[in-house]
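Student: One-letter residues, chain by chain:
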Amino acid sequence: MSIIQMKNVDLYYDKHHALKNITGEINERSITALIGPSGCGKSTFLRTLNRMNDMIQGVHIEGEILVAEQNIYHADVNVENLRKNIGMVFQQPNPFPKSIYDNVAFGRRIHGMRDRKELDEVVEQSLKAAALWEEVKDILKKPAYGLSGGQQQRLCIARALAVNPQILLMDEPTSALDPISTAKIEELIGELRKQYTIVIVTHNMQQAARISDDTAFFLQGEIIEFDTTEKIFHTPSDQRTEDYIAGRFG
Amino acid sequence: MGQGNWRIRKITDRFAKIAFLCATLFGIAFLGVLLYRIVADGAGWLNWDFFTNFSSRFPAKAGVAAALVGSIWIVLLTGPIAFFLGVGTALYLEEYTKKSWFTRLIQVNIHNLAGVPSIVYGILGLAVFVQGLMLGQAVLAGVFTMSLLVLPIIVVSSQEAIRSVPQHMRNASYALGASKWQTISRVVIPTALPNILTGVILALSRAIGETAPLVVVGALTFVAFVPASPMDPFTVLPIQIFNWTSRPQDDFRAIAAAGIIVLLVVLLTMNLLAVYLRNKYQKRY
Ligand SMILES: Nc1ncnc2c1ncn2[C@@H]1O[C@H](COP(=O)(O)OP(=O)(O)OP(=O)(O)O)[C@@H](O)[C@H]1O
Ligand SMILES: [Mg+2]
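So the protein lines, in turn, are chains A and B.
Following numbering that gives the first Met the number 0, the numbering of the first sequence begins with 0 at its first residue and continues without gaps.
Following numbering that gives the first Met the number 0, the numbering of the second sequence begins with 0 at its first residue and continues without gaps.
Just so you know, the hints here were simulated from the structure itself, not pulled from any lab data.
Owing to the predicted nature of the structure, the values given are computational and were not obtained by experimental measurement.
Each residue gets a CB set at the ideal place from its N, CA and C atoms; glycine is no exception.
Be careful, since some hints might not be right.
Stretches of chain B that chain A covers, calculated by requiring three or more beta carbons in the stretch to come under 8 angstroms of a beta carbon on chain A [claimed, not checked]:
1. 166 to 175
2. 183 to 195
Only part of the chain A face toward chain B is listed, based on derived beta-carbon distances under 10 angstroms [unchecked claim]:
3. Q56
4. Y72
5. V76
6. E79
7. N80
8. N84
9. G86
10. M87
11. Q91
12. F105
13. G106
14. I109
15. H110
16. A159
17. V162
Beta-carbon label-pair distances, calculated as ranges [claimed, not checked]:
18. A/A245 / B/L192: 48 to 58 angstroms
19. B/Q106 / A/N80: 30 to 40 angstroms
20. A/N80 / B/A227: 47 to 57 angstroms
21. B/C21 / A/N203: 53 to 63 angstroms
22. B/Q106 / A/Y144: 27 to 37 angstroms
23. B/T23 / A/N80: 58 to 68 angstroms
24. B/N4 / A/Y144: 42 to 52 angstroms
25. B/P165 / A/K140: 44 to 54 angstroms
26. B/Y280 / A/R247: 43 to 53 angstroms
27. A/S174 / B/Y275: 30 to 40 angstroms
28. B/Y280 / A/N163: 24 to 34 angstroms
Chain B extracted, bound-state conformation (with noise of 0.2 angstroms):
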């Protein structure tokens, strides 16, 4: 290979590298400016206030109380609801079933499911939970609708991390004279545990930020007040910050701002947390 051919690569590289580097600041640049948008736009109206008062037509006297404990709500209950189905799914395909067409296609069908667009899965809830099981446009009907969109997410993590833990573990626990059981309970389970969880959380957070299922399983834009149980109606964050940048004011769009602000607080919160617990319990075996 001759000089002229290593000095071109020499170049190549270089440009590589420079194209890249821009294609990165581009995206973080605009996010920046969007962030620097929101912050300036909604800091001001972040006050205790904003977090006790509801919806009101009066911008002073907006807040997100309902649409906060809306989100709360959906969360804590979808998941423990998707926490169980997904683990047991997953647990069920990587541990109990030997390969076989049957299990590959449902394996193919639980990645597609990863793929169906949101609303397809509010439309289902709507179907199902509100009509079918006559729940309602109330809390749980929104519940089991998030939890059958983030299923498939779950699954799917929750598998990875349950192959991730090594052969060799559960054959020292099998030595031992364990059963299936006891060395899925305690050994597999608690091995995987900070991945799954990592999955979970990601998955839930992603819930948080779905605003179209919800419109259709119906929940409103304008609650004033907080849902007490499962049974009431609700709202949640995204479809709140929605209906108030549709409003003709321009205040409505600083609140909206502020609203923003809150659903990133929370979204960030979540995916630190799940950074943390990836760190925390890196890979040690």
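One chain only, chain A, in its complex shape (with noise of 0.2 angstroms):
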């Protein structure tokens, strides 16, 4: 079952074409990596999901992107509702200088959940989820900058999963941190899969095939080829991919 759609999206930085004709479909419930070398279109494309290319000026998108058979570019589309059901995350850890709990519970807040049993109740489901409650159980009033990286970004993992999005986004969520830290949150988003689709960009190709079911191969803005992760890795239809994953290139 697919959840979001694209149909012939196209995307402009004012005269630069960094999107062509994207299309194809998303899985529910499972984990999407986009692949490619860098400023090929990843985090672009990602950021047309959720919508965030709408703060950069100069950004113009043509195309539709269906996400639960809604054109989230029609006019009626209210932007913050889009947002709470498609969270990301982001490549550097980026926590706000506040403390753990007031972090994770920031996204309910905002959308007016006042009461301090149920967002205590929130934030210790998502930091479970995020599996980082262990950890920070006795430290919820800490600041959050007081964590190591690995920490902070699943703090940023807890901190999106607590306003219950369907969809979630990460941006080479693992580039920044140790190999202990990124095995820690492979094996967190094999268990969020369970629950969420996921769409992740990474540049490390042994990340894409342990943790995806499907991999887009991104080259100069177009995908080249989006197929399953089996297929892309070991049978792939396009010379250009076989390249780009035998290491020959990017």
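From these two lone chains plus the hints, build me the complex, please.
Tutor: Given below as structure tokens:
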């Protein structure tokens, strides 16, 4: 079952044509990896899915992206609700300069939750889902900056989960982390797959092969090949895909 | 490069270091002498009566009550007014406008205003607040004038504080579905606040030392009462000090020194508060 459908999406940064005729489907409760050389448009594409590109001056988008059958670029769409439904985790862990608790509660608070008990519950559930609860349950009031990079990244995942999204976008979430933290987060992503649809950008071929169900290979703003990870890594149809995965360029 | 060249560079280095050290010491030495003279002259006059008495023709009865309270009035009212106008302007310029010729024009003008001599603000205050709004020579006229005076400084320092909030922090907030105002009020302002406050306090400490604009606005040199409301006439510490130094009796020079000590203590306290805020909330992101 696909939850996201892209139909002929083109994106321009002023004159620069950064995404070209992107078409495809992303499956529900699965992990889709986006791979490709630097500057090919992976992050740009990811940001079209939660309309974070709206914030960049001079961006112009054509085509349609349907999430749960609805075109998210339709004029009636409430972007705030859209982003609540589609969480995002960034490359650099970016907690707020607030306590661990306030970081996780942030999303729920802005969407109107006031009750202390409910918030406590959400914070605990989200931290558990992000496999961080055991490490921080006694220091919830401490600043988030006291945590290690890997813990901060899991905190950011907990913060995203706290608003109950269906879809989670991750832009190279482990590239700033050490191998042990990376392994923890990969394990966590595997766990989250049961409940969430995950789209993850990665430069790490092993990571893509290890964790993803489907893989899209981007090159210069185009999707060259989009198929099961199995197929992309073992029997790609396009020579360029094969060359990239074999490490012959990029 | 030969041996000689290397040696010359080494000597130049050492010479430069000594020259800059001398320049530093020169300034510090003068400051030290100045402080010493002031404390030596004025410390003897600092007692409880000095704080509760009003200005007087008799040195023994002279005190800073009116001036100290006047200065406190000015700071306490100027602070919030300048804070809201200044931070509001800074937020507008940094968060709400796209860069255009219009915002650039505002920006350039704000920088220019920061360099306008303070007496010009006094004349403006006289025309607009004292006469135009018919506030008279009241605390409020002084407050408005001082607010205008410190506004450009606060706008510029607040803009810097807001700009130093990293973009990824805003993105994190938007990505959770926050609106622009939620992002500004819950992420940008709290993160920038320590730096904003530091700027505001430093600007206010400049306001406390200002004399000229308030003289023009009509702060009195001889006030024998504490202003009870913002509509009352008033004086401030620097004006009082200036007044004392121009009296013929020698004792008044010592009393002026005592007034200076009070002013310096107030300024130093404010600056320390600013340093404390800055250090306590050092960038951690
Ligand atoms: N804000 C922006 N304004 C203008 N051009 C941009 C902007 N962001 C990205 N681009 C351009 O769009 C193209 C795609 O960039 P994007 O960041 O999506 O690539 P990427 O695949 O994520 O690369 P990387 O692997 O290095 O993160 C690049 O040519 C880039 O220069
Ligand atoms: Mg990228």
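Student: Hint by hint, note whether the structure agrees.
Tutor: Now the hints, each set against the structure:
Under a criterion of three residues with beta carbons nearer than 8 angstroms to beta carbons of chain A, the stated coverage of the region 166 to 175 of chain B is upheld, 8 such residues being counted. For the region 183 to 195 of chain B, the proposed coverage by chain A is satisfied: 4 residues have a C-beta within less than 8 angstroms of a C-beta in that chain, meeting the threshold of three. The beta carbon of A/Q56 is positioned within 10 angstroms of a beta carbon in chain B (closest approach about 7 angstroms), and the interface hint is therefore held. Interface restraint check for A/Y72: the shortest CB-CB distance to chain B comes to about 17 angstroms, outside 10 angstroms, so the restraint is violated.
Annotation: A/V76 was flagged as interfacial toward chain B, and the flag is violated, the nearest CB pair being 12 angstroms apart, outside 10 angstroms. For A/E79, the shortest C-beta to C-beta distance to chain B is roughly 4 angstroms, which falls under 10 angstroms, so the interface hint holds. Hint on A/N80 holds. Least Cβ distance to chain B is approximately 7 angstroms, under the 10 angstroms limit. Against a cut-off of 10 angstroms between C-beta atoms, the interface hint on A/N84 holds, since the closest Cβ of chain B lies about 8 angstroms away.
With a least beta-carbon distance of about 7 angstroms to chain B, the hint placing A/G86 at the interface is held under the 10 angstroms criterion. With a cut of 10 angstroms, the hint placing A/M87 at the interface with chain B holds, because the nearest CB-to-CB distance is about 4 angstroms. With its C-beta approaching chain B no nearer than about 6 angstroms, A/Q91 sits inside the 10 angstroms limit, and its interface hint holds. Using the Cβ-Cβ criterion of 10 angstroms, the hint placing A/F105 at the interface with chain B is satisfied: the shortest such distance is roughly 6 angstroms.
For A/G106, the interface hint holds, since its Cβ comes within 10 angstroms of a Cβ in chain B; the closest pair sits about 4 angstroms apart. Hint on A/I109 holds. Least Cβ distance to chain B is approximately 5 angstroms, under the 10 angstroms limit. Using the Cβ-Cβ criterion of 10 angstroms, the hint placing A/H110 at the interface with chain B is satisfied: the shortest such distance is roughly 7 angstroms. The beta carbon of A/A159 comes within 7 angstroms of a beta carbon in chain B, closer than 10 angstroms, and the hint placing it at the interface holds.
Using the Cβ-Cβ criterion of 10 angstroms, the hint placing A/V162 at the interface with chain B is satisfied: the shortest such distance is roughly 6 angstroms. Checked against the hint of 48 to 58 angstroms, the C-beta distance between A/A245 and B/L192 comes to roughly 52 angstroms, which is consistent with it. The beta-carbon spacing between B/Q106 and A/N80, approximately 36 angstroms, falls within the hinted interval of 30 to 40 angstroms. At about 54 angstroms, the beta-carbon gap between A/N80 and B/A227 stays in the expected band of 47 to 57 angstroms.
Between B/C21 and A/N203 the beta carbon distance is about 58 angstroms. The supplied range of 53 to 63 angstroms therefore holds. A hinted range of 27 to 37 angstroms holds for the C-beta pair B/Q106 and A/Y144, which are about 33 angstroms apart. Between B/T23 and A/N80 the beta carbon distance is about 60 angstroms. The supplied range of 58 to 68 angstroms therefore holds. Between B/N4 and A/Y144 the beta carbons are some 48 angstroms apart, a value that agrees with the proposed interval 42 to 52 angstroms.
Hint check: B/P165 to A/K140, Cβ distance near 24 angstroms, so the stated range 44 to 54 angstroms is violated. Against the hinted window of 43 to 53 angstroms, the Cβ-Cβ separation of B/Y280 and A/R247 comes to about 50 angstroms, which satisfies the hint. For the pair A/S174 and B/Y275, the supplied restraint of 30 to 40 angstroms holds, since their beta-carbon distance comes to about 38 angstroms. Range check, B/Y280 to A/N163: Cβ separation about 32 angstroms, and the 24 to 34 angstroms hint holds.
Consistency note: the structure conflicts with the earlier hints numbered 4, 5, 25.
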